[in-house]
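Asks: All chains should be built: construct the whole structure from the sequences, respecting the hints.
For the sequence shown, the residue numbers in my numbering are 5 to 235.
What the hints contain is simulated information worked out from the structure, not anything from laboratory work. Yeah, the Cβ is synthetic: ideal placement off N, Cα and C, and Gly gets one too. One should not assume that every hint holds.
[Unchecked claim] List time: in silico DMTMM-like cross-link candidates among lysine to aspartate or glutamate, alpha-carbon distance up to 25 Å:
id: 1; residue 1: 192; residue 2: 164
id: 2; residue 1: 192; residue 2: 140
id: 3; residue 1: 192; residue 2: 177
id: 4; residue 1: 221; residue 2: 140
id: 5; residue 1: 192; residue 2: 179
[Said to hold, decoys possible] Label pairs and their in silico Cβ distance ranges:
id: 6; residue 1: 211; residue 2: 56; range: 20 to 26 Å
id: 7; residue 1: 28; residue 2: 225; range: 31 to 37 Å
id: 8; residue 1: 77; residue 2: 175; range: 17 to 23 Å
id: 9; residue 1: 104; residue 2: 69; range: 30 to 36 Å
id: 10; residue 1: 23; residue 2: 227; range: 27 to 33 Å
id: 11; residue 1: 228; residue 2: 5; range: 51 to 57 Å
id: 12; residue 1: 46; residue 2: 116; range: 45 to 51 Å
id: 13; residue 1: 23; residue 2: 225; range: 18 to 24 Å
id: 14; residue 1: 25; residue 2: 71; range: 36 to 42 Å
id: 15; residue 1: 120; residue 2: 28; range: 19 to 25 Å
id: 16; residue 1: 148; residue 2: 170; range: 29 to 35 Å
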Amino acid sequence: MKLARAVFGWLGLAVGCYFLAGWVGSSIPSQPYYNEPRPGDDAVEIIIATNGVHTSIAVPLRSADMDWTRVFPPSDTANPFRLYTHVAISWGERAVFLDTPTWGDLSPLTVLRVMSVGGDALYHVEHWVRPAPSPDFRTIRISHRQYRALVRALLRDLPERTPDRAVYAGYTDQDVFYDALGTYTVYKTCNEWTGETLRMAGIETGAWTPFAGSVMKWVPPYRAHGSPPIQ
5 MKLARAVFGW LGLAVGCYFL AGWVGSSIPS QPYYNEPRPG DDAVEIIIAT
55 NGVHTSIAVP LRSADMDWTR VFPPSDTANP FRLYTHVAIS WGERAVFLDT
105 PTWGDLSPLT VLRVMSVGGD ALYHVEHWVR PAPSPDFRTI RISHRQYRAL
155 VRALLRDLPE RTPDRAVYAG YTDQDVFYDA LGTYTVYKTC NEWTGETLRM
205 AGIETGAWTP FAGSVMKWVP PYRAHGSPPI Q
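Replies: This is the structure:
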């Protein structure tokens with residue numbers, strides 16, 4: 005019993021230190037790769053989305069800067085016929101993505117393995133139709149130069165496309181998974197990947213963003229139409 009209490013005590017301390025480090029790291033502002041003037045009227049609007057645990061970056065499906073259908077074609081989904089307007093991109097651990105359609109399906113053994121040795125990565129790509137801004141879907145306006153840098157950052161872990169590229173079924177008929185480079189670890193989490201992507205595009209966020217809240221604390225809060233200005 006003494007040994008068990010000691011083990012759980014040290015484990016609790018380690019978890020507490022991890023969450024504290026995540027709070028501190030995400031509170032330190034990152035230094036953008038370049039100083040970008042305020043976006044003009046032709047700025048690109050992107051969306052930072054969260055479900056409370058996981059974050060993704062949604063961008064226009066087609067624009068003058070990038071046609072995402074060349075990389076993530078809607079034909080890869082089970083419902084390619086909808087008039088999609090946006091594609092939401094995120095990165096995460098393979099087993100967690102493929103084997104846990106709901107959080108209730110998440111195995112403690114999977115969590116332990118990911119925390120100890122990490123795991124292979126996947127891209128999660130969702131196709132959306134005119135997503136409406138909300139507290140969990142927050143918009144950011146960025147310059148075209150930032151957007152082009154964001155495109156490069158979003159693609160950095162995508163292996164070279166081949167005719168037989170694997171496509172894994174998603175949770176709905178509008179999303180799929182693709183193989184990705186990199187290893188998911190307790191340091192490089194799905195949300196830190198989002199934060200790193202934003203930093204590479206010169207969009208200010210936290211220096212280390214391991215949690216969904218670590219990312220969202222830097223995104224301007226949602227304001228409903230007609231709501232008073234934020235003081």
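Asks: For every hint, state whether the structure bears it out.
Replies: Cross-check of the supplied hints:
no., hint, result
1, 192 to 164, "22 Å, holds"
2, 192 to 140, "22 Å, holds"
3, 192 to 177, "29 Å, violated"
4, 221 to 140, "12 Å, holds"
5, 192 to 179, "23 Å, holds"
6, 211 to 56: 20 to 26 Å, "22 Å, holds"
7, 28 to 225: 31 to 37 Å, "22 Å, violated"
8, 77 to 175: 17 to 23 Å, "19 Å, holds"
9, 104 to 69: 30 to 36 Å, "34 Å, holds"
10, 23 to 227: 27 to 33 Å, "29 Å, holds"
11, 228 to 5: 51 to 57 Å, "54 Å, holds"
12, 46 to 116: 45 to 51 Å, "49 Å, holds"
13, 23 to 225: 18 to 24 Å, "23 Å, holds"
14, 25 to 71: 36 to 42 Å, "40 Å, holds"
15, 120 to 28: 19 to 25 Å, "23 Å, holds"
16, 148 to 170: 29 to 35 Å, "33 Å, holds"
Consistency note: the structure conflicts with the earlier hints numbered 3, 7.
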